Amino acid sequence: MKSRLAACVILLALAAGLFCTLNFAASAHKNLPVDESGAYVLPAPLLKIASLEYSGLVSDLLFLRATVFYGGTMERVERPRVKDWEWHWMINLLDAASELDPYFYDLYYFANANISPAPGMLPAVNSMLEKGSRYRDWDWILPFYLGFNYYYQLQDNDKAVNFLMEGAKRPGAPTLLSTLAARLAYRGKRTENAILFLQEILRKTDDEDTQKVYKDRLGALIGIYQLEKAVALYRERFGALPLSLNDLLSQGIIQALPVDPYGGRFYLETDGSVKTTSNLVYAKDLNPEAEAK
Amino acid sequence: MNALWAIAMITFKEGIRNRAIFGILLLALLLAAANFFVSGMIMQEIGKVAVDIGLSSISFSGLMLVLFVGINLMAKDLDRRTIYMVLSRPISRYQYIYGKFFGMTLLVLASTALVSLFSLGAVALIKVGAQDFFPRFSWPSVFLAIVFITLMLILLTALTFLFASFTSTSFVTLILTVVSYLIGQSTSGVRTLVEAPNVVGIKVSAFTVKLVQGAYYLFPNLSLFDIKTQAAHGLPVGADYILWTFLYWLLYTTLAITFAALIFRRREFP
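Going down the list, the protein sequences come from chains V and P.
The first sequence finishes on residue 293 if you use this note's numbering, and the numbering steps up by one all the way, no holes.
The second sequence finishes on residue 1270 if you use this note's numbering, and the numbering steps up by one all the way, no holes.
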């Protein structure tokens, strides 16, 4: 009886010790220094060979690795929330996954929603989207994403029109694509066109986190659009540009300034265009130095 | 013919009785359960990921069966010296090898069918819950992929017989089979790589290129049997591809098992 009791106590002590050591080891592991060399992803041809007959599965796992990592950064307090090399690492993971299974839609969906707004990441995301669009030749949404990126972010109308025309030819494409392509051929109405793009993208987005990304972008653009219309009205009425957005308020053209969902403040450029201090990037994603500028 | 059939049935029953097979079925069941968990983390193409995991678990558990049950069945007669009892009966060594091979093929078919039931059951359940996220799903593509996986497993079984016919212990057979599997799965990728090494910026000597090209024809090109990506996205697989791959499989398997029988016929037992 006594020996049985002793055995129980020892076992309990060991189990408690196991629990503690696991926690200590795991938190120490978290604090291990990680730097850019950790961002290395094997070149795609080697990865393809190493994944044997499971390339589809490895592609899924690489995708999960990127999304889980990205989700983990949401809780960070440091600024910028995601470091430069981490963005590169994520896009490398997604790009490698898209070499293993170039038909996997989630890779492009995630990259376009979450990585393309990051500073300097747009070209990499676009080249991934172009690859996806080549393989998924039945899908109009990837050329549509590309159309938006080239039109609004890179201001390359010709390329945007090409992608939209390409998307419009694919099965199930909304008539909006050909309409937009036609409208983009004329310059101007930039904000209004971008709103049309985003409303369509939002309609094809069903998970809440990604919806929020696009909703914020849409909200900011609608704010800019309202102000642009008000500036035009002011100009019509008084024959000159307002000196600042407050003039619109004091003349009663608008009741209140719209709120920028990115946390920035709308302002008027000297040429009469409306901008926001956030530049459509979340304040928490910005470098502190860049913010100071 | 009767003797051949009798050996096939005995091998099949022996395989079913092997405890390892329960472990493999448990593995398949766990992987099917994992499918629910992983697909739940996917935003859009849930169907693709569910099919990926389903098909991968079928081929992986089949691989375990061939490596751990199949090789064991073949080697047991030699290790435990029961082969003397069999060969003292009016059975030729050819009949013995072919009978064993057909028994093992039956076992592969039966277990693939059972594991597929679990895996596809999981996929079907996930599909019920997320109908909209299975845009290009097609059952025929998935079944074709399972047929190809089964062919690959049977080819691998024939290879284990070839190796077992001249090695002295089952462990060496296991090692040789694993190596052949690894080479077989990667041979076409490695060949593409060494023939155009600039893609990843490496240098390859002419000798290596010749070596890889030799291995390409010697070892079975198992990546031909991997159409999981096509199945996952419901992409078309051409009839010519199916035909040529099937013929390649038939020839390779027949050659391997015939060589095995030839070597086995001349083998002296201690």
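Be aware that a few hints might be false.
[Stated by the list, open to error] Quick list of in silico lysine to any residue cross-link-like pairs, SDA-like style, CA-CA up to 25 Å:
#, chain 1, residue 1, chain 2, residue 2
1, P, Lys-1127, V, Lys-215
2, P, Lys-1127, V, Met-121
3, V, Lys-204, P, Phe-1060
4, V, Lys-215, V, Gly-252
5, V, Lys-275, V, Lys-131
6, P, Lys-1013, P, Ser-1170
7, P, Lys-1076, P, Glu-1195
8, V, Lys-30, P, Met-1041
9, V, Lys-212, V, Leu-154
10, P, Lys-1127, V, Gln-211
11, V, Lys-215, V, Gly-72
12, P, Lys-1127, V, Gly-264
13, V, Lys-215, P, Glu-1195
14, V, Lys-275, V, Glu-192
15, V, Lys-131, P, Ser-1170
16, V, Lys-169, P, Leu-1235
17, V, Lys-131, P, Glu-1195
18, V, Lys-204, V, Leu-280
19, V, Lys-30, V, Glu-99
20, V, Lys-131, P, Arg-1019
21, P, Lys-1076, P, Val-1199
22, V, Lys-131, P, Val-1199
23, P, Lys-1127, V, Ala-50
[Claimed, not checked] Label-pair restraints from in silico Cβ distances:
#, chain 1, residue 1, chain 2, residue 2, range
24, P, Leu-1026, V, Gln-199, 29 to 37 Å
25, P, Arg-1080, V, Glu-75, 29 to 37 Å
26, V, Lys-215, P, Tyr-1241, 53 to 61 Å
27, V, Arg-134, P, Gly-1121, 54 to 62 Å
28, V, Gly-72, P, Phe-1143, 32 to 40 Å
29, V, Cys-20, P, Ile-1083, 40 to 48 Å
30, V, Gln-211, P, Leu-1114, 57 to 65 Å
These are computed hints drawn from the structure, not numbers from a lab.
Just so we're clear, the structure is a prediction, and the values are computed from it rather than from any experiment.
Ideal placement from N, C-alpha and C gives every residue a C-beta, glycine not left out.
Query raised in the report: Which hint numbers does the structure go against, in order from smallest to largest?
Result: 1, 2, 3, 4, 5, 7, 12, 13, 15, 19, 20, 21, 23, 24, 25, 26, 27, 29 and 30
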